[in-house]
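Chemist: Protein chains in written order, with the working numbering: chain V, 1 to 271; chain X, 1001 to 1181.
FYI, nobody ran anything at the bench for these hints, they're computed from the structure. Wrong hints could be hidden among the right ones.
Listed next, the stretches of chain X that the computed footprint assigns to chain V, with coverage defined by at least 3 CB atoms under 8 Å from CB atoms of chain V [what the hints assert, rightly or not]: (1) 1009 to 1015; (2) 1071 to 1077.
Counterexamples of contact, computed for chain X against chain V with all Cβ distances above 12 Å [unchecked claim]: (3) 1006; (4) 1038; (5) 1046; (6) 1061; (7) 1067; (8) 1100; (9) 1126.
Sample of chain V residues facing chain X (criterion: CB under 8 Å; computed from the structure) [said to hold, decoys possible]: (10) 214; (11) 216; (12) 229; (13) 235; (14) 243.
For glycine and all other residues, C-beta sits at the position ideal for the given N, C-alpha and C.
Given next are the chains, with one letter for each unit.
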Amino acid sequence: MGKLDRLGWAGGISFQSHGLCIGIRVNDLEVVPRIQNSLPHDAVADPAPVVDYLYSVYIGTRPRRGVQNFHQLYLETDRLARTVDLEDIFETLESQLDFLIASEAPHDIFIHAGAVAWNERVIILPGPSMSGKTMLVAALLQAGATYYSDDFAVLDENGAVHPFPRPLSLRQADGGRRKAEAVEFNAPVGVQPLPVGLVADTAYQPGATWRAHTLTPGRALLTLLKNTVPAQTRARDALPVLRDIALRAPAIKGRRDEADQMAHLLLQYLS
Amino acid sequence: MNPRGRQDQLLVEELPGELLVYDLIRNQAHCLNQAAAFIWQQCDGRTTVREIAARLPGALGLPDDEALVWLALDRLGRAGLLRDQPPPPAAARQLGRRDLIRKLGLTGSVAVLLPLISTAEIPAAAEAASRPCTPPDCDCASTAGTQGCCQKQKKPECETCCNNNFGNGSKAHDECILGCT
């Protein structure tokens, strides 16, 4: 860490989120407001001099002729990004923060899943990246659901789902992605923890006809477990929580076509 | 040799009619249905295959047939849940689940009671949080193969997707990386 420590750091911020104390130092204080936009919604400023994890954001100095102006991002001594595009640094920082919190939070269990609330219960949509979770979350918001997350369902020790509301990362027709806030769908953002009402494992497949298979509690538990971020390191903590959810909430699985129709079907389960 | 179940480095959660077994060594989770769970629990190193088969009608309503036990032992062995696994007789080696249903003349409602184990690989945190989707789970309808899936994400997620799906240094990997914008 010595070499990194010797660079000129102008200051930084530190905050608490899900039981972790995280610091971010910078060599240019002008980027601090932008960095604060990357923090999780529940981040609370914490002036602790010692943090659990330290990120370093190094903004490249004014370029000289023939020399590229690289910005860099580190977690401890590991370089996470080196790029001439400053926005890439902030996006990488945001996704890395989410990953760190999801994998290291000491009490909450993070599941890779979309989550929306309807009638005081949460629909969990477990699945890997690119399985269509975000499109389905967006369709559920348009149908009137409350936004909890498009990426992580956060469970406490009682199995209640807490909000983790990042802007939705929506796929565009040209293959690109854009960020969208829940307000764009006139959807409220969840505030309080709510119990799970339905687990829906619905991978997108164009042209598919929806045929729901009800999962046994054991199969539902398997589905949740393989999408649990800290499953390998915290299996003993996660299993009882996921077991209770699998016993209390129905779980369905199937391939679906367009998200709009699927959204209304799912909401009917909780109506 | 009598079958003996493995107990070390396993976490077990009981559910009605099922057992969830998490293998801390292999990082796999197995869902055992009632028959598979029952047979596994009989594997104490002292009980013979014949004796286990004799208990099936009373416990589960299944026929007293050693082939059912051998099927379960085969599945349990593959899942890494047996410490001692006796070699099956020649006849039992060839029988799969469907063969057994036909052989025993089982109808649908009884057939579903046959031993069954569902297994899931449990990924490490990095994979679970950013594991890229591969066909047929992700939407690659408008592009070809996994490379198209990766290109649907912006950098650096696109590059992570390429690294996870193609060997470093391979032509496919290079083409995938070049396609990331």
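Chemist: Go through the numbered hints given earlier and state which of them the structure violates, listing their numbers in rising order.
Modeler: 2, 9 and 10
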